[in-house]
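Protein chains in written order, with my numbering: chain U, 1237 to 1470; chain G, 58 to 358.
None of these hints come from the bench; they were simulated from the model. It is possible that part of the hints are untrue.
[To be verified] A short, non-exhaustive set of chain G residues, derived as facing chain U with CB atoms under 8 Å: (1) Arg219; (2) Ala223; (3) Glu226; (4) Ala233; (5) Gly235; (6) Val236.
[What the hints assert, rightly or not] Taking lysine-lysine and the BS3-like style, the derived pairs with C-alpha atoms no more than 25 Å apart in a straight line are: (7) G/Lys222 to U/Lys1308; (8) G/Lys222 to U/Lys1343; (9) U/Lys1388 to G/Lys222; (10) U/Lys1322 to U/Lys1414; (11) U/Lys1343 to U/Lys1308; (12) G/Lys222 to U/Lys1364; (13) U/Lys1388 to U/Lys1364; (14) U/Lys1347 to U/Lys1414; (15) U/Lys1322 to U/Lys1388; (16) U/Lys1388 to U/Lys1308; (17) U/Lys1347 to G/Lys222; (18) U/Lys1364 to U/Lys1343; (19) U/Lys1388 to U/Lys1414; (20) U/Lys1322 to U/Lys1347; (21) G/Lys222 to U/Lys1322; (22) U/Lys1347 to U/Lys1388; (23) U/Lys1364 to U/Lys1308; (24) U/Lys1388 to U/Lys1343.
Where a beta carbon is used, it is the ideal one built from N, C-alpha and C, also for glycine.
Take a look at the letters that make up each chain.
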Amino acid sequence: MLTIRNLSVNYGAIRALTGVSLQVQRREIIALIGANGAGKTTVLNTISGIVPATGGTIIFEDRDITRIPPHKIAAAGIAHVPEGRKVFPRMTVIENLEMGAYIRRDKEGIKASFQEVFQRFPRLSERKNQPAATLSGGEQQMLAMGRALMAKPQLVLMDEPSMGLAPLLVETIFEIIKEINQSGTTILLVEQNAHMALSIAHRAYVLEIGEIVLNGNAAELADNPEVRKAYLGE
Amino acid sequence: MGNFLQNVVNQIDPYVMQILVNIGIGIILALGLNVITGLAGQLSLGHAAFMSIGAFTGAILTIKLGMPFGVNLLCSGFMAALFSVLIGFPTLRLSGDYLAIATLGFAEILKVVFLNLDITNRALGLSVPPPYSSIPLPVYVLISVVLAVTALALMQESRFGRALKAIREDEIAAEAMGVNATRYKIQAFAIGSFYAGVGGCLYAHFIAYINPSDFGFLKSIDILNMVVLGGLGSIPGVILGASLLTTAPEFLGFMKQYRMLVYGIILIILMLFRPNGLLGGVSFKEMVLKIFRKRTQPSRA
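Just chain G, same shape as in the assembly:
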C-alpha cells in the first residue's frame, strides 16, 4: 500500500507537489482559524503560535520517540488544543477583544520560550527527520484536509455550530437562549487550535526544518488574511483564500513586495469602513467582522 502511494506521489512533479502540500497545510490552518473567528466570532491573533506548538511537539515526538506519524499528528493537535484551553479559560469568560490581546502576547512569549529551550534547540531550530510511516506525507496532508473539511461541514450544521453562530451574532441573546457561551467559545478555540497543531506538525515534517521565528505575528496575520479574504465562516471561501494566498507568491517572483501590497490593500479596505483607525477606540474584532456584516445590516421599518 505504502509503495503504491509513494509511486503515485512520485508521478507528480515535485514543484507542483510542493505547492499542493503548502495549499493543503494552509487550508487546515485557515479552517482552524475559521472555527474561532468565522464561526464563533472570536479574534485570535496568535494562530501561528498554536501551529508552532504542533510543529515542535511533532518534531520532538519523531526525533525522541520515533512515534508513528498518525499518532504523532493527533498528539500535536491535542497539545495545541491543551494550550488554547489554558489561554482561553481566563480570557473567553469575558466578551470583547481580550482573546486577541492574550493570543498576541502568548505568541510572543512562546517564541521567546522556544528560543531558550534546549529541547527546541534554541535559536538554531530543529531539523526534522522524515515521519515514521510507510505512507508518504502528501497523502497525510490530503487525508487531513478531507477530514478537516468534513468535520467542519458537519460541525456547522450541528446544534453546536448553530450555537457558535448565535454567539457570533449576539452573545447575550445566545445566552438567553440557553447557550453556555463561555464553554462553547473555549471549545471552539480548542478545536481551531487542534487544527493549527495538526497543520504545524505536517508543516514541520514537510519543510524538515523549523525555527521559532517561522511562527511570528506575520504568519498569524497570513492565516487571518486567508480566512478574511476568502470569507469568514464559509468553508469554500476559506479554501479559496488559502489557495490564493499560498500560490500567489509562487506565480510572482517578487514575493515579498507582493505580499506587503496585499496587506496594504486589505488594511486600506478596513480603514475605509473604519475611518477612526486602529486607535480610535474601536473594537478590532468588529472591524474585521464589519465588512461582512455590512451587506446584512438590520433594516429599520
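Chain U with its partners taken away, still in its complex shape:
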C-alpha cells in the first residue's frame, strides 16, 4: 500500500535520510525503530508532505505522493499522529475531533466515527467540552489518535505515542494501537521504545543515522543480538 524507494532528505546542508526504502502492506503494523536523531520522525514527516524529499519516491496506493502538499496527502487517506501530539490547545476535544474529520463531508458517517472514537477512548467523552490544553499527556495522546481516526484513514502514521507517558499508560496505548490495526487500519509506527514497538508490530525496520540497517519480521528482530544490544538494553 505504501512503498518508499531510495528516499533522501536534506535539512539545508545536513543530510537527514540517505536512500531509505521501505514497504507497508495493507493491514500491517510496521515499526520503525532507532536512536534519537536517526531520522525516524523525518521519514513520517516526509510521507505526510511536511518535509520535502530531496530524492526518491513515495508511492501510496499506486499514486506518487512525493511532491504533493500535506493537505492533499491527508485527503488521499493518510493520517498523521505527530510527535508531541500537536493537539489544538485552545480548541475543545469535540472541535479537535471535528478537525480530524475535516476532509469528510458525510455527516452521518462522521457521527458514527464520533461514537467509535468515544467508545474507544471513554476519557475523551468525559472531557469533550474541555479545551485540549487542559487534558493530561495521556489524554492528549488519545485525542491525537482519535483525531487521526476521525479521518477514516487507510494508513495512520504514529510518531512516538509512548513519549512522556507512564509505563502503565504506554501499555494501554499500545493495546489500543493493536485494536485499531485489528479493525482494519494499517499503521506505520515510529518508536524509541523498541521493546513495545516490536511486541505489537508485524515487521520492523531499524534506522541508524539516516539509513535503514536492518529489517525483517518483528519477532526475529527482537531476537537479533545486535538489536537486543543496541535498542533493547541488553
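Chain U is fixed; fit chain G onto it per the hints.
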C-alpha cells in the same frame, strides 16, 4: 424612508452621534483585523493601509462617478481585499512573521504613493462630498456593523472558521488534517481587509476629508490595540475594545498623553511576558498571542 431615517438620526445629539459613528467604524475595522489576527493567527501591521485603500477608493468613486453609496461601500471593500491578496499571496505561503513585515512595508509605500498621486490630490488630501444616498450615513454604519458581526459570528462557527482556528493553533497539524493553510490564510486576510476597506469608505464620508497621513502606523496599532485589549478572537471582546479605545479620548481632555500612556502600559505588559524584548530574537506574533495563550498552556502529565 430616507426622510424618516434622517429624522430619527436628527433626534440624536450630534456629539453623541459622532461618537457612536466612530465606535461603529472602529468595530468594523477591529473585527476585520480580528479575522486575520484573532482567528487565523496572522499578524497584520498595516490594517490602516487597507482602510486607506477603501477610504480613497470610496472618495474617488463618489467624486468622479457619483456612485450610489451602497455599491461604493462594496467596491471599496473589494479594492482593499484585492490588494491584500497581492500582498498575501507571496507572504502567506510561508509561516512566520513575514506578513507583519510585508504589511508594515506596504503601509509605508502606499502612504508615499498616495502622497504623490494626482488623483488622491497629493499631500493636500481629498475633500469628500456627502455620499450619494437618501439614507443617512449613520444608518449605513449601523447596518455595516450588524452585517459585519453577523458574518463573523457565522464564520467562526463554520468549517472555514474552525480551520482558521486550527491554523492559528498549529499550522502544521492543521495541514495534516487536510486544511489548505496557504489558501485559507489568504482568504482570511482578504476578508479582514474587506472589512477595513468598508470601514475606510465609511470613515472618509463621515469625516469628509482624508489625507494619506491619517492612515499611518499608529492608526494600525490603534486598531491592533482594540483587538488585543478586548480579546483576540472574541467578537464581544473586540466590540468592547473598539468601544473603549474610541471613547476613552472623548472622556479625557488630554487625549494625546492618555493614548501614549495606554500604549506604554500595553507594551510593559507585553515585555513582562517577553523579557527578551523586541529584538531578542523573539517572534512578534507569538508575543502578542502569548498573553492569551498563557492561561491555557498544555499541562504535562
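To see whether the hints hold, each was checked on the structure:
{"no.": "1", "hint": "Arg219", "in the structure": "holds (6 Å)"}
{"no.": "2", "hint": "Ala223", "in the structure": "holds (5 Å)"}
{"no.": "3", "hint": "Glu226", "in the structure": "holds (4 Å)"}
{"no.": "4", "hint": "Ala233", "in the structure": "holds (4 Å)"}
{"no.": "5", "hint": "Gly235", "in the structure": "holds (4 Å)"}
{"no.": "6", "hint": "Val236", "in the structure": "holds (6 Å)"}
{"no.": "7", "hint": "G/Lys222 to U/Lys1308", "in the structure": "holds (19 Å)"}
{"no.": "8", "hint": "G/Lys222 to U/Lys1343", "in the structure": "holds (21 Å)"}
{"no.": "9", "hint": "U/Lys1388 to G/Lys222", "in the structure": "holds (22 Å)"}
{"no.": "10", "hint": "U/Lys1322 to U/Lys1414", "in the structure": "holds (22 Å)"}
{"no.": "11", "hint": "U/Lys1343 to U/Lys1308", "in the structure": "holds (21 Å)"}
{"no.": "12", "hint": "G/Lys222 to U/Lys1364", "in the structure": "holds (18 Å)"}
{"no.": "13", "hint": "U/Lys1388 to U/Lys1364", "in the structure": "holds (20 Å)"}
{"no.": "14", "hint": "U/Lys1347 to U/Lys1414", "in the structure": "holds (23 Å)"}
{"no.": "15", "hint": "U/Lys1322 to U/Lys1388", "in the structure": "holds (19 Å)"}
{"no.": "16", "hint": "U/Lys1388 to U/Lys1308", "in the structure": "holds (15 Å)"}
{"no.": "17", "hint": "U/Lys1347 to G/Lys222", "in the structure": "holds (22 Å)"}
{"no.": "18", "hint": "U/Lys1364 to U/Lys1343", "in the structure": "holds (19 Å)"}
{"no.": "19", "hint": "U/Lys1388 to U/Lys1414", "in the structure": "holds (16 Å)"}
{"no.": "20", "hint": "U/Lys1322 to U/Lys1347", "in the structure": "holds (23 Å)"}
{"no.": "21", "hint": "G/Lys222 to U/Lys1322", "in the structure": "holds (14 Å)"}
{"no.": "22", "hint": "U/Lys1347 to U/Lys1388", "in the structure": "holds (12 Å)"}
{"no.": "23", "hint": "U/Lys1364 to U/Lys1308", "in the structure": "violated (28 Å)"}
{"no.": "24", "hint": "U/Lys1388 to U/Lys1343", "in the structure": "holds (13 Å)"}
The structure fails to meet hint 23 from the earlier list, while all remaining hints are met.
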